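Asker: Chain by chain, the residues:
4 protein chains.
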Amino acid sequence: MIVIMKPGATAAEIGAVIRKAEQMGLKTHPIYGDSRTVVALVGDLTGITRESFDVMAGVLQTMRIQEPYKLASRTTRPDNTVIDVAGVVKVGGPEIVVMAGPCSVESRSQIIEIAHAVKDAGATVLRGGAFKPRTSPYDFQGMGLKGLEYLADAREATGLPVITEVMREEQVAMVAEYADILQIGARNMQNYGLLQAVGKVKKPVMLKRGISGMIKELLMCAEYIVSNGNYNVMLCERGIRTYETATRNTFDLNAIPVLKQTSHLPVVADPSHGTGLRELVPAMSRAAVAAGADALILEVHPDPDQAVSDGRQSLTYKEFATLMVDVARIAAAVDRNLAVFTEDAVHVK
Amino acid sequence: MIVIMKPGATAAEIGAVIRKAEQMGLKTHPIYGDSRTVVALVGDLTGITRESFDVMAGVLQTMRIQEPYKLASRTTRPDNTVIDVAGVVKVGGPEIVVMAGPCSVESRSQIIEIAHAVKDAGATVLRGGAFKPRTSPYDFQGMGLKGLEYLADAREATGLPVITEVMREEQVAMVAEYADILQIGARNMQNYGLLQAVGKVKKPVMLKRGISGMIKELLMCAEYIVSNGNYNVMLCERGIRTYETATRNTFDLNAIPVLKQTSHLPVVADPSHGTGLRELVPAMSRAAVAAGADALILEVHPDPDQAVSDGRQSLTYKEFATLMVDVARIAAAVDRNLAVFTEDAVHVK
Amino acid sequence: MIVIMKPGATAAEIGAVIRKAEQMGLKTHPIYGDSRTVVALVGDLTGITRESFDVMAGVLQTMRIQEPYKLASRTTRPDNTVIDVAGVVKVGGPEIVVMAGPCSVESRSQIIEIAHAVKDAGATVLRGGAFKPRTSPYDFQGMGLKGLEYLADAREATGLPVITEVMREEQVAMVAEYADILQIGARNMQNYGLLQAVGKVKKPVMLKRGISGMIKELLMCAEYIVSNGNYNVMLCERGIRTYETATRNTFDLNAIPVLKQTSHLPVVADPSHGTGLRELVPAMSRAAVAAGADALILEVHPDPDQAVSDGRQSLTYKEFATLMVDVARIAAAVDRNLAVFTEDAVHVK
Amino acid sequence: MIVIMKPGATAAEIGAVIRKAEQMGLKTHPIYGDSRTVVALVGDLTGITRESFDVMAGVLQTMRIQEPYKLASRTTRPDNTVIDVAGVVKVGGPEIVVMAGPCSVESRSQIIEIAHAVKDAGATVLRGGAFKPRTSPYDFQGMGLKGLEYLADAREATGLPVITEVMREEQVAMVAEYADILQIGARNMQNYGLLQAVGKVKKPVMLKRGISGMIKELLMCAEYIVSNGNYNVMLCERGIRTYETATRNTFDLNAIPVLKQTSHLPVVADPSHGTGLRELVPAMSRAAVAAGADALILEVHPDPDQAVSDGRQSLTYKEFATLMVDVARIAAAVDRNLAVFTEDAVHVK
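Chains as they are written, first to last, in the numbering used here: chain A, 1 to 349; chain B, 350 to 698; chain C, 699 to 1047; chain D, 1048 to 1396.
Any given hint might turn out to be false.
[As the list claims (entries may be wrong)] Chain B side only, calculated, beta carbon under 8 Å to chain D, not exhaustive:
#1 Gly392
#2 Ser561
#3 Thr591
#4 Glu628
#5 Leu629
#6 Ala632
Calculated directly from the structure, the hints in this document are not laboratory data. Keep in mind that this is a model prediction, so the values were computed, not measured. We put the beta carbon where it would ideally sit given N, CA and C, even for glycine.
Kindly generate the complete structure, drawing on both the sequences and the hints.
Answerer: This is the structure:
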């Protein structure tokens, strides 16, 4: 850490900074410039906050020169984390995994039908919401436990592992009972109780970036999960909130190579939320794979007109099938390929 | 709601929109322009989402012309909601309430000492965090239950009612046992389970705007609480995340008159988080009161240098005392005055 | 346009809106709902602003349902505009054009050497700044006219057409003398005098999106150029300013398919500025082409360490050559190919 | 400046950084930590950019510890700059100056009438646009030279000095002929040619913050003017672009105390653009003065319904008169008062 003193800071103020740092077990390196003095602190800064020095008399500001996350960092673990999903697919390896399905589970027959359709087009994980965080208390809030059961039925019918959102700590055990991947939604990125709870289960977790989450905050939230024992965390870019209103969100594809370079955890891209507009999803799915994403998560619905939620950004079966062909070509152009579902890999529960 | 058809939409597509709306019990008004057709929908739109029409063939976009919140709206309830806090002060009436105290409860003696100090300077509510949401899992997470007990001790000693944050659904009952106002933090603005839980208790709630929360989303979140039965909700502006880095957050004071005009709920301003810098807090406290805030919540610490969190934005006792004098002058200039603590109003538990 | 009246608007107020619209030659369609009245206006709204009605008594708000740009819109002109650059390459057709070179022209030998190097790697347009807009008045401001002459020398030596920035109206004639494409920088997106000036020359223009420009504003600025007679406008996505600081800008790739769907003008992507970090440029160049960009503009420098500006985001020759191979594979995967320089196409001045 | 080396940087790489810095005349202080090495550079860094080091092999990042503006900084000049406007009022001293008038000059009689009205209510400077930067090329672009003449007529009639916008370098001499304060609009904050041009005239300048301008960029732009010889620069906060859409802009009042603490230049607040909504202007005018603004600039129109631009945010005469009374009370509460127009101070041209 670097502590920058104000112009005119007194020797006593500088001395106080040095003593405080030394009491914390740090080595100090004061540098006396013409108009300013700077004190560099070296050692184990893991538990030390900038605030400890920011507030001292004579201090202008502090700067941290090491990232505060540790277990999620590629420095700590240079090799990619590869996450096995129910013995069916691996996320983070050479193959690109496509997760697809409706925004919300609407009925048993609906989810089973969609599962077959997306499997036919090449998806290897089924998505579907049972618990829905909705902006309005008057909107549809999801089917709940019934939805989880229907997802399990769809898995039974097709062999596709299932990803679904868990919104509350108290639901973690129940959702983990049914799901193969637990999704933490954007609104809950910093719901630390929930992060700790999913850190204690054995199922893979997909953590979505908050709508105004910084990349380093996303990594700190992953750290909450990993430091509780669960290393199987996928990071999901799903668009951020900016001033631009032509799209529902601004899809920050820069985050994909940044996360790949900074962390060993796999990166999932969500072009459905990243754009909010069905007609942009194919182009941005291609772009996400070209940028290095390990997986895509996509909303697909047989009749978006009748979807209870997110219809505007859901693909029809036909659009999804076309997209899969196009994305496979991009995958090949970056020396990867789409994961393929093989019957003998089927998850038997 | 207004449904705008694409140029070239067919009569069949327009007809489908009209039929769907009529099945929902709405009256329809198609308007045929030279290049576009628009269908206006009139009636009770409370449970109807824009998505229902957005996804239909031939539809370009939809626009809503009524706010989706209802119980929190001033249209529904023209008079200000005035919230009685433990029989000691009222928030939302002519008096301006100042809540002050440390970011975190650090010890029994610390919180009691600060309570006396802020009371002496004119504060009428004591703030202090027992459960702390922290970006890093390695940071101090608060004293927990012990912190709640110490807050209760400080109330006992001074008579000041207490506001403290509740972070998880499962803590609501426990925190409500000790606190006079339950605070929902910015990261939890859209933690709907938590909102519903505090909607079912009898204690006043202060709901903080999320770091990227839109004003209308803040009102929708208030609606989650109010629609569960608890009308005693204060809305808190605490700064939003923008590209500007000179301050910790961008303090959106525009939100104060917008909220006062749109809703009947009281508005609290948090200049400590709104700026993140102690030296800006006095100016922005004055500005918030001049803009119409009903209350201020401020971080005060006897020795910010030693604070375990948020020291950079905490006021010293002396700075706080000076601020109170200056704010009282602004209050007078807008025909209000600071709430005063009277011994006979003391909350006896 | 839709004019939404306040609840409780009087018949006289509604009548005033109707009369005003009719005086403007519009047809009006009042719709009387239970709690609100809406007046739809139909006809030629080109010269009519929302403000005319926003301000009237009893009006709550207005909404526009047609885009305000016209000549730049794909509705007006369904086929892609294909821009011939000096008879050497075409931008907006099936081929993807790569423009490359240093941020700033630093010397005659430097720019000629780089021109050869980027041509060898497959670039077909040379970029280089002669006039540099710099945040600080104390920074290097570019070589000016000398820089233009050196660019022309580099064109002479290699046959590559040249793109360079024009910062001021008074420079337009001079820069047009030397450059094959006039670049309008992000800071000048809304410098309307400059836009009108380049609208009157015969050279192609590349218009960069402002650092906080909305997509529709970018199109309005293109409209300023096109409506002055110059249809040869390329739109350039170069990253926007958001709260994220891990990258210099947030590269808004969503803008690429949005612009391609909304407008007939070609779209250029600038991954150098879009990321600000050399190590992200290859991934984001691939992503931009996968998303549908018609061209890339990239910063390349033989020794970024010694570059006078933007070294942090400049590629070395070797990195650029590798990138070109990778981008060509992505181009093939979307049924396009990189433009190739053919000697007989050489621009003879 | 601080140069942070990558983990694993070689001694040769560190040596190269040190040699380069020493060639630049800087003193260097290498600090060898357990996992990282940092090199602190001390000396005159005015002409040295971070880029020079950012790009070197083995460098992770650099950090600047001194602000890059100099003449605009309060460190350089501790006392407030007080700007005399045409001998009539002083901006930056104890008195608060209110500038008021229409968005656009619409006719000779209009501007004279408004000048009398705002003078009667207590304004001491007349605002009015002759050249209007408009988002659409099809919108009203201002009256131009005629508008300037009418403004001069209104000054003649009332004695009020005049502020008006200059949009282009070539207009500077002409506008300076008529105006008492030259306004640089938000879209032109970084139009460096224009900044240099107004830096060479003798008239005071009001520089508006760009819609996405950072506070430090605003100060750098002021530096462009001041370093050209014109110290009479007022900084204007007029709202920034964020994700919030309830208001036209987010009025960043934090900027007022930040600018007052960082710079010696006077600060003007523009609540009309800062909110975009007439009903918010009174509250935010009070807030701006409470936060420390030295002046307000406000849009006033006799019949906003008929205004050719910005009617939605213009105050009526009556609203303006009420606002002036309320703002005077806030001024008194911060020990200031509104500037008063005295006949013998009248500017005779």
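Asker: With 8 Å as the cut and Cβ atoms as the points, is Ser561 (chain B) at the interface with chain D?
Answerer: holds, 6 Å
Asker: If you take the shortest Cβ to Cβ gap from Thr591 (chain B) to chain D, is it below 8 Å?
Answerer: holds, 5 Å
Asker: Does Glu628 (chain B) pass the interface check with chain D, least Cβ-Cβ distance below 8 Å?
Answerer: holds, 7 Å
Asker: At a threshold of 8 Å, is the proposed contact between Leu629 (chain B) and chain D supported by beta-carbon distances?
Answerer: holds, 5 Å
Asker: Would you check whether Gly392 (chain B) satisfies its interface hint, that is, whether its CB is within less than 8 Å of any CB in chain D?
Answerer: Violated. Min distance 26 Å.
Asker: Classify the hint on Ala632 (chain B) as holds or violated, based on whether any CB of chain D lies nearer than 8 Å to its CB.
Answerer: Result: holds, 4 Å to nearest chain D Cβ.
The structure does not agree with numbered hint 1 stated previously, though it agrees with all others.
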